[in-house]
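Colleague: Since chain Z is already given, all that's left is putting chain R on it; use the hints.
As given, the protein sequences belong to chains Z and R, one line each in that order. Under my numbering, the letters of the first sequence match residues 1 to 108, in that order. Under my numbering, the letters of the second sequence match residues 1 to 115, in that order.
Don't read these hints as lab results, they were simulated from the structure. Every residue gets a Cβ at the ideal spot worked out from N, C-alpha and C, and that includes glycine. Be aware that one or more of the hints could be misleading.
[What the hints assert, rightly or not] Some, not all, of what chain Z presents toward chain R, calculated at C-beta under 8 Å: (1) N31; (2) Q33; (3) G42; (4) L43; (5) L48; (6) L96; (7) F98; (8) G101.
[Said to hold, decoys possible] Taking lysine to any residue and the SDA-like style, the derived pairs with C-alpha atoms no more than 20 Å apart in a straight line are: (9) Z:K95 with R:M41; (10) Z:K95 with R:T113; (11) Z:K95 with Z:H45; (12) Z:K95 with R:T15; (13) R:K71 with R:D56.
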Amino acid sequence: SQQGEEDPQALSIQEGENATMNCSYKTSINNLQWYRQNSGRGLVHLILIRSNEREKHSGRLRVTLDTSKKSSSLLITASRAADTASYFCATLGNKLTFGTGTQLKVEL
Amino acid sequence: NAGVTQTPKFQVLKTGQSMTLQCAQDMNHNSMYWYRQDPGMGLRLIYYSASEGTTDKGEVPNGYNVSRLNKREFSLRLESAAPSQTSVYFCASRPSGGTGHNEQFFGPGTRLTVL
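The following block holds chain Z by itself, in its conformation from the complex (with noise of 0.2 Å):
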């Protein structure tokens, strides 16, 4: 079963604005970490969170982590068209477990 879901499963927005995605889990977690899929490619590792962090930031990128909720959220700011990518959160407890991950479309 998934241990990720993300919401929303779609997200449409235009260029310059920011994009925030959610991730919701079900057991205990020693971290937390996003990818990022661009049309027809492999899973790139964007950023990486453990269960005892709540914020983390890298570039445009902001990632926060509530695990008494079982959630994350990832905010990407003055997003781009490049930005246009399917985004995945995985949970690594004994294993790294993937969401069904969340389509982004910027537009010009």
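Modeller: Frame of chain Z, contents of chain R only:
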């Protein structure tokens, strides 16, 4: 460094045929993984190898076998392909050990269609 490479990129099989998907990594990683990706299902782990000489079942191992040939190579075999195995297959690798090395590196995928 090529990273994680997969062959072939595309394959069409008939039901009952067999084939082997190849994966290699040049990053000296200990752990390697095979996933399948289906629409609306995310990635599901088929098999993994935590280190050379070991393999373990993942979430959806039925109908597949794997071989960790050496530290670099991890192959996935379909003995008798079924239409339900139509999917995109991804290989990944990870340096093992320590909490700072949990990122997985993915190959470009193999798109398999079983008729």
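Colleague: Please verify whether K71 (chain R) and D56 (chain R) have alpha carbons no more than 20 Å apart.
Modeller: Holds, at about 15 Å.
Colleague: So if I understand the rule, the pair passes when the alpha-carbon distance is 20 Å or less; does K95 (chain Z) with M41 (chain R) pass?
Modeller: Holds - the C-alpha atoms of M41 (chain R) and K95 (chain Z) are around 17 Å apart, at most 20 Å.
Colleague: With chain R as the partner, please determine if F98 (chain Z) meets the hint condition of a C-beta pair closer than 8 Å.
Modeller: 4 Å, holds
Colleague: K95 (chain Z) and H45 (chain Z): Cα distance at most 20 Å?
Modeller: At roughly 16 Å apart (the allowed maximum being 20 Å), H45 (chain Z) and K95 (chain Z) satisfy the hint.
Colleague: When the nearest CB of chain R is found for L43 (chain Z), is that gap smaller than 8 Å?
Modeller: 5 Å, holds
Colleague: Closer than 8 Å between Cβ atoms is the bar; does G42 (chain Z) clear it against chain R? Give me holds or violated.
Modeller: 4 Å, holds
Colleague: Measure nothing beyond the straight line between the CA atoms of K95 (chain Z) and T15 (chain R); if it is 20 Å or shorter, mark the hint as holding.
Modeller: Roughly 32 Å between the alpha carbons, so the hint for K95 (chain Z) and T15 (chain R) is violated.
Colleague: Can the hint on L48 (chain Z) be confirmed by a CB-to-CB distance to chain R that is less than 8 Å?
Modeller: Holds, because the Cβ-Cβ distance from L48 (chain Z) to chain R comes to roughly 6 Å (cut-off 8 Å).
Colleague: Next item in the hint list is N31 (chain Z). Is there a CB on chain R closer than 8 Å to its CB?
Modeller: 6 Å, holds
Colleague: Does the closest beta carbon of chain R sit nearer than 8 Å to the beta carbon of Q33 (chain Z)?
Modeller: 7 Å, holds
Colleague: Does the nearest C-beta of chain R fall within a distance shorter than 8 Å of the C-beta of G101 (chain Z)?
Modeller: 6 Å, holds
Colleague: Is the straight-line distance between the alpha-carbon of K95 (chain Z) and that of T113 (chain R) 20 Å or less?
Modeller: 28 Å, violated
Of the numbered hints stated above, those contradicted by the structure are hints 10, 12, listed in ascending order.
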